[in-house]
Amino acid sequence: MSGALRIPGAGRLSQAKTARFSFDGQSYAGIEGDTLASALLANGVHLVGRSFKYHRPRGILSAGAEEPNALVQIVRDDARKTPNVRATVQELYDGLAANSQNRWPSLSFDVGAVNDLASPLFSAGFYYKTFMWPKAAWKSLYEPKIREAAGLGVSPDRPDPDHYSSRYAHCDVLVLGGGAAGIAAALAAAETGVRVILADEQAEFGGSLRFESGAKIDGKDGFAWAQAAIARLGAMDNVRVLPRTTAFGYYAQNFVGLVERVSDHLKAPGHDLPRERLWQVRAKRVVLASGAIERHMVFANNDRPGVMLAAAARTFLNHYGVAVGKNVGIYTANDSAYGAAIDLKKAGVNVAAIVDLRDNPTGPVIDEARALGIEINSGRAVIRAGGKLRVSSMTVQPKNGGGERTIPVDAILMSAGWTPSVHLFSQSRGKVAFNDETKRFVPGTYAQDCVSVGACNGTDGLAATVDEAYAAGARAAKDAGAKAAKGVKPKVDASESWSRGMLGAAPGAGPDTTVKAFVDFQNDVTAKDIRQAVHEGMRSIEHVKRFTTNGMATDQGKTSNMHGLAIAAETLGKPIPEVGLTTFRAPYTPVTFGAIVSHARGPLFDPTRRTAIHPWAEAQGAVFEDVGQWKRAWYFPQAGEDMHAAVDRECVGVRNQAGLFDASTLGKIEVVGPDAAKFMELLYTNPWEKLEPGRCRYGIMLREDGFIYDDGVVGRLAPDRFHVTTTTGGAPRVMNHMEDYLQTEFPHLNVWLTSITEQWAVIAVQGPKSRDIIAPLVEGIDMSDEALPHMSVREGKICGVPTRLFRMSFTGERGFEVNVPADYGQAVWEVLWAEGQKHGATAYGTEAMHVLRAEKGYIIVGQDTDGTVTPNDAGLDWAVGKKKADFVGIRGMARPDLVAKGRKQLVGLKTKDPKVVLEEGAQIVEDPKQAIPMKMIGHVTSSYWSQNCGRSIALALVAGGRDRMGDTLYVPMPDGVIEVEVAGMVFFDETGGRLNG
Amino acid sequence: MLLIRCPYCEEERPELEFRNAGEAHVARSANMVGESDDDFEKFFFIRSNPKGIIYERWRHMHGCARFFNAVRDTVTDKFVMTYRAGEPKPSKLPKNSNEGLAK
Ligand SMILES: [Zn+2]
Numbered sequence: 001m002s003g004a005l006r007i008p009g010a011g012r013l014s015q016a017k018t019a020r021f022s023f024d025g026q027s028y029a030g031i032e033g034d035t036l037a038s039a040l041l042a043n044g045v046h047l048v049g050r051s052f053k054y055h056r057p058r059g060i061l062s063a064g065a066e067e068p069n070a071l072v073q074i075v076r077d078d079a080r081k082t083p084n085v086r087a088t089v090q091e092l093y094d095g096l097a098a099n100s101q102n103r104w105p106s107l108s109f110d111v112g113a114v115n116d117l118a119s120p121l122f123s124a125g126f127y128y129k130t131f132m133w134p135k136a137a138w139k140s141l142y143e144p145k146i147r148e149a150a151g152l153g154v155s156p157d158r159p160d161p162d163h164y165s166s167r168y169a170h171c172d173v174l175v176l177g178g179g180a181a182g183i184a185a186a187l188a189a190a191e192t193g194v195r196v197i198l199a200d201e202q203a204e205f206g207g208s209l210r211f212e213s214g215a216k217i218d219g220k221d222g223f224a225w226a227q228a229a230i231a232r233l234g235a236m237d238n239v240r241v242l243p244r245t246t247a248f249g250y251y252a253q254n255f256v257g258l259v260e261r262v263s264d265h266l267k268a269p270g271h272d273l274p275r276e277r278l279w280q281v282r283a284k285r286v287v288l289a290s291g292a293i294e295r296h297m298v299f300a301n302n303d304r305p306g307v308m309l310a311a312a313a314r315t316f317l318n319h320y321g322v323a324v325g326k327n328v329g330i331y332t333a334n335d336s337a338y339g340a341a342i343d344l345k346k347a348g349v350n351v352a353a354i355v356d357l358r359d360n361p362t363g364p365v366i367d368e369a370r371a372l373g374i375e376i377n378s379g380r381a382v383i384r385a386g387g388k389l390r391v392s393s394m395t396v397q398p399k400n401g402g403g404e405r406t407i408p409v410d411a412i413l414m415s416a417g418w419t420p421s422v423h424l425f426s427q428s429r430g431k432v433a434f435n436d437e438t439k440r441f442v443p444g445t446y447a448q449d450c451v452s453v454g455a456c457n458g459t460d461g462l463a464a465t466v467d468e469a470y471a472a473g474a475r476a477a478k479d480a481g482a483k484a485a486k487g488v489k490p491k492v493d494a495s496e497s498w499s500r501g502m503l504g505a506a507p508g509a510g511p512d513t514t515v516k517a518f519v520d521f522q523n524d525v526t527a528k529d530i531r532q533a534v535h536e537g538m539r540s541i542e543h544v545k546r547f548t549t550n551g552m553a554t555d556q557g558k559t560s561n562m563h564g565l566a567i568a569a570e571t572l573g574k575p576i577p578e579v580g581l582t583t584f585r586a587p588y589t590p591v592t593f594g595a596i597v598s599h600a601r602g603p604l605f606d607p608t609r610r611t612a613i614h615p616w617a618e619a620q621g622a623v624f625e626d627v628g629q630w631k632r633a634w635y636f637p638q639a640g641e642d643m644h645a646a647v648d649r650e651c652v653g654v655r656n657q658a659g660l661f662d663a664s665t666l667g668k669i670e671v672v673g674p675d676a677a678k679f680m681e682l683l684y685t686n687p688w689e690k691l692e693p694g695r696c697r698y699g700i701m702l703r704e705d706g707f708i709y710d711d712g713v714v715g716r717l718a719p720d721r722f723h724v725t726t727t728t729g730g731a732p733r734v735m736n737h738m739e740d741y742l743q744t745e746f747p748h749l750n751v752w753l754t755s756i757t758e759q760w761a762v763i764a765v766q767g768p769k770s771r772d773i774i775a776p777l778v779e780g781i782d783m784s785d786e787a788l789p790h791m792s793v794r795e796g797k798i799c800g801v802p803t804r805l806f807r808m809s810f811t812g813e814r815g816f817e818v819n820v821p822a823d824y825g826q827a828v829w830e831v832l833w834a835e836g837q838k839h840g841a842t843a844y845g846t847e848a849m850h851v852l853r854a855e856k857g858y859i860i861v862g863q864d865t866d867g868t869v870t871p872n873d874a875g876l877d878w879a880v881g882k883k884k885a886d887f888v889g890i891r892g893m894a895r896p897d898l899v900a901k902g903r904k905q906l907v908g909l910k911t912k913d914p915k916v917v918l919e920e921g922a923q924i925v926e927d928p929k930q931a932i933p934m935k936m937i938g939h940v941t942s943s944y945w946s947q948n949c950g951r952s953i954a955l956a957l958v959a960g961g962r963d964r965m966g967d968t969l970y971v972p973m974p975d976g977v978i979e980v981e982v983a984g985m986v987f988f989d990e991t992g993g994r995l996n997g
Numbered sequence: 001m002l003l004i005r006c007p008y009c010e011e012e013r014p015e016l017e018f019r020n021a022g023e024a025h026v027a028r029s030a031n032m033v034g035e036s037d038d039d040f041e042k043f044f045f046i047r048s049n050p051k052g053i054i055y056e057r058w059r060h061m062h063g064c065a066r067f068f069n070a071v072r073d074t075v076t077d078k079f080v081m082t083y084r085a086g087e088p089k090p091s092k093l094p095k096n097s098n099e100g101l102a103k
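Protein chains in written order, with the numbering used here: chain A, 1 to 997; chain B, 1 to 103.
Hints listed in this document are in silico derivations from the structure and should not be mistaken for laboratory results.
These numbers come from a predicted model, not from an experiment.
A few of these clues could be false.
[Stated by the list, open to error] No farther apart than 30 Å at their CA atoms in a straight line, the calculated lysine-lysine pairs in the DSSO-like style are these:
(1) A:K901 / A:K912
(2) B:K95 / A:K284
(3) B:K51 / A:K284
(4) A:K884 / A:K901
(5) A:K346 / A:K491
(6) A:K478 / B:K89
(7) B:K89 / A:K678
Please take these sequences and the hints and turn them into a complete structure.
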């Protein structure tokens with residue numbers, strides 16, 4: 001048995017396929033093909049949650065994606081606890097476990113429901129007004145408490161074990177919505193042979209044909225026709241049919257985001273299946289067939305469990321075979337709810353009464369209901385629902401007042417009419433237009449190559465819908481380049497009418513009342529709240545929305561927006577279009593982060609770059625640091641060493657014997673061509689024309705504003721060939737900067753730029769023994785100081801492989817940078833390492849490299865400079881070609897502020913206590929006794945313990961720093977003030993003798 | 001995601017392949033050193049921020065890597081047309097910006 005309210009013979013599910021599930025720990029039986037909502041209703045469970053603000057008991061309002069109430073937590077395991085799942089969308093699988101939300105200790109007895117009694121306190125704008133004072137309490141007290149009390153559902157506390165996938169797709173015609181309209185449009189387009197994608201959010205196509213028992217197409221029951229058509233479409237090579245797929249966002253140029261729920265409906269999804277798949281579709285033409293959403297009636301206690309949309313009740317009956325009650329009442333303002341009454345009555349459910357707001361409704365459905373013996377109360381309103389955890393009665397009154405009559409019911413099925421789903425149209429930047437006759441917003445002016453068909457376009461009637469959709473599908477295919485169609489338009493034999501209805505509060509919930517007549521169920525907004533917002537001065541619908549939060553919940557006001565707008569308009573005394581509609585924003589329904597992130601997480605979040613020598617460093621036990629995307633060996637701890645001990649040993653080793661350092665991550669760009677030197681002259685501050693081939697120069701690159709952008713050693717390999725190095729992090733932007741100038745400002749120069757960062761592995765060999773290590777391995781290069789002086793470069797061979805051998809130093813020691821093709825990087829390193837062992841060489845990492853260069857006052861762009869430092873500020877005036885007529889930054893450097901006195905200049909700092917190491921970023925003041933906030937005159941940019949100097953060293957940017965040599969300055973820290981002396985930037989080997997030592 | 005026509009590749013490609021590179025037709029002086037402070041300020045700092053048609057530089061970063069110029073409508077985000085670097089500012093724009101796009 002799959003629920004006491006399952007009606008034998010009704011619905012389309014096979015009774016044979018039972019699926020067990022649990023709700024709040026209680027076990028129930030459902031049927032495969034059920035949604036969680038239909039399965040709960042089959043078991044007579046209407047109470048499924050507590051509301052957000054007032055903790056009112058709530059049931060199931062709808063049978064689809066618009067559901068504002070029935071939000072549950074689906075628990076697969078500890079890591080898979082998905083909150084706020086709509087029970088009307090979640091398909092049942094055997095073993096499904098769901099819990100209700102926002103209640104404590106239990107759903108039927110919830111302490112938070114006291115909010116409902118205290119509701120005068122919680123009226124619109126309550127948070128804004130009440131928690132504004134004292135200001136500090138907001139962060140520390142109010143907000144945490146409110147959030148704790150208000151949160152819906154519980155987030156999983158483990159990483160998401162599921163995987164998600166993502167695809168791009170292109171098509172000629174994308175059809176969004178798979179009801180009668182969407183299917184007809186897809187058929188018309190597909191028959192021409194163009195590429196078609198048809199997507200629908202439901203597990204099965206058919207849309208309203210799921211419940212419309214009166215629809216007949218091509219001689220078949222409407223839903224059966226839909227399944228046959230989908231089978232036909234699915235078999236066509238040019239068509240992709242996507243069920244369980246929601247179009248959540250419509251972006252520029254027909255770029256539409258779809259999310260496909262691949263495995264949430266499966267009992268035990270295999271790990272080969274993603275949980276969800278994101279489709280990013282670019283379509284030549286889009287057909288919007290998103291249908292319409294039924295509105296509820298706004299009356300007192302319209303949120304009681306058992307009060308639901310009429311078409312939803314009909315869906316539960318005609319599709320799932322479930323009666324939502326045994327004695328139902330109908331409350332309507334249009335024809336469509338009659339269908340629910342008729343179908344339920346025929347299925348053996350007692351229909352206590354139809355209450356119709358209209359004075360004298362006529363037509364075939366009214367006649368049929370009457371013929372079935374259903375009592376029809378026209379010109380009357382339901383002014384209140386009785387019951388608490390489940391509706392128990394409806395109280396009826398003539399709509400202009402008069403005697404009340406209470407009718408016992410266990411469900412109220414309501415319909416205020418249908419709102420066209422213009423969400424996607426509106427997201428496409430189309431402008432909606434208000435149809436005054438039908439009181440609804442429909443697509444007006446289009447902004448993109450799309451067309452709306454059927455109910456979302458305000459088209460009434462199945463025949464008109466299919467006509468319009470089929471023609472639009474054919475037209476879209478033609479516009480996308482199709483030849484003539486050869487299909488046959490589906491023929492509608494019978495259909496129902498569900499036009500018209502009413503907007504706003506129903507009688508009994510008018511301005512003179514204080515009842516709780518809900519407009520927005522998910523955010524607990526009543527008709528009274530909206531009126532109050534207007535009375536308190538909100539005039540724009542956007543303000544009313546924010547003040548009341550109407551339509552701001554995750555359901556985005558699918559059922560509430562039009563009612564809210566109508567009530568605001570009525571209160572303002574203005575016509576609806578003058579008050580305006582709030583903006584529809586993506587996503588149409590909530591989208592998981594998983595679907596958006598897809599594979600881009602963990603190791604695939606960002607590429608990891610490793611040098612050719614990385615495996616060697618790893619084998620040596622190096623500790624790595626991230627530098628941009630690179631992994632760089634930070635230091636090489638030996639047994640028992642901490643970072644400081646290792647760095648001290650590495651620094652001393654380099655200066656006493658020699659060190660090997662993997663410098664492969666340095667950016668490298670080859671500048672080649674007849675005008676290479678001219679180009680270099682324009683891009684760097686230095687002069688290059690006269691640099692002889694075989695020599696190197698330290699280059700500074702500025703931006704046009706005169707500030708340092710990058711630096712690096714440049715070797716001239718030939719008159720027309722420069723090997724340029726950049727900072728590790730700066731390589732891509734330097735390349736971009738060079739390309740920009742070459743392509744757009746200096747296109748007359750005949751130059752090619754090639755990134756060679758990854759072509760060459762770079763092994764720095766530094767220290768007094770460096771030449772002894774390299775020399776025996778080099779062929780074809782004279783290694784003497786005369787032939788290969790400091791700052792020179794030669795091409796030759798090392799260990800039998802080609803090398804660009806630089807004699808240069810970032811340590812202040814005699815040094816070389818051995819460039820070899822990256823594929824040989826580790827092999828050459830290993831040979832150099834073995835040779836180095838004979839001379840006591842050490843491997844050193846980036847930390848020692850930083851310390852060694854700071855001992856020499858060599859700057860690191862991006863650490864000692866910050867984008868506001870000129871060459872002069874950094875003490876690098878010597879590197880600026882004084883006779884040059886032009887280079888990028890030459891004019892910017894001469895701006896008044898950049899040549900003014902008192903600019904921050906890079907200097908050295910020595911702490912009075914040599915053992916104290918300053919903190920990088922620490923602020924510097926002249927007088928530590930001044931009042932707070934103190935005048936800060938600079939900050940520390942680099943600071944280290946220098947074992948070679950036997951003291952701490954630091955570099956700092958200090959206002960007028962070079963005029964303060966020997967002065968005492970102060971670095972105030974939380975635990976005391978540190979005294980420092982301003983010094984030169986070179987802390988070790990001031991004469992530079994060791995470069996040739 | 002927008003589609004942008006690269007005037008070098010001569011086809012529309014998704015926005016992801018491109019990088020914006022600031023306003024177009026801001027000429028760098030042939031005599032930078034001789035520029036007054038005011039002229040340098042105009043050249044380097046002052047940018048137009050129109051509601052409507054804007055002339056921009058873009059780079060087909062993950063394609064041919066060429067810089068080019070584009071005319072875009074800041075209200076609709078639509079690219080009206082694109083043309084190669086060094087070509088003059090177009091004196092006339094396509095009548096229907098959609099046509100410019102479709103081509
Ligand atoms: Zn290109």
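Go through the numbered hints given earlier and state which of them the structure violates, listing their numbers in rising order.
The structure conflicts with hint 6 only, although it agrees with all the remaining ones.
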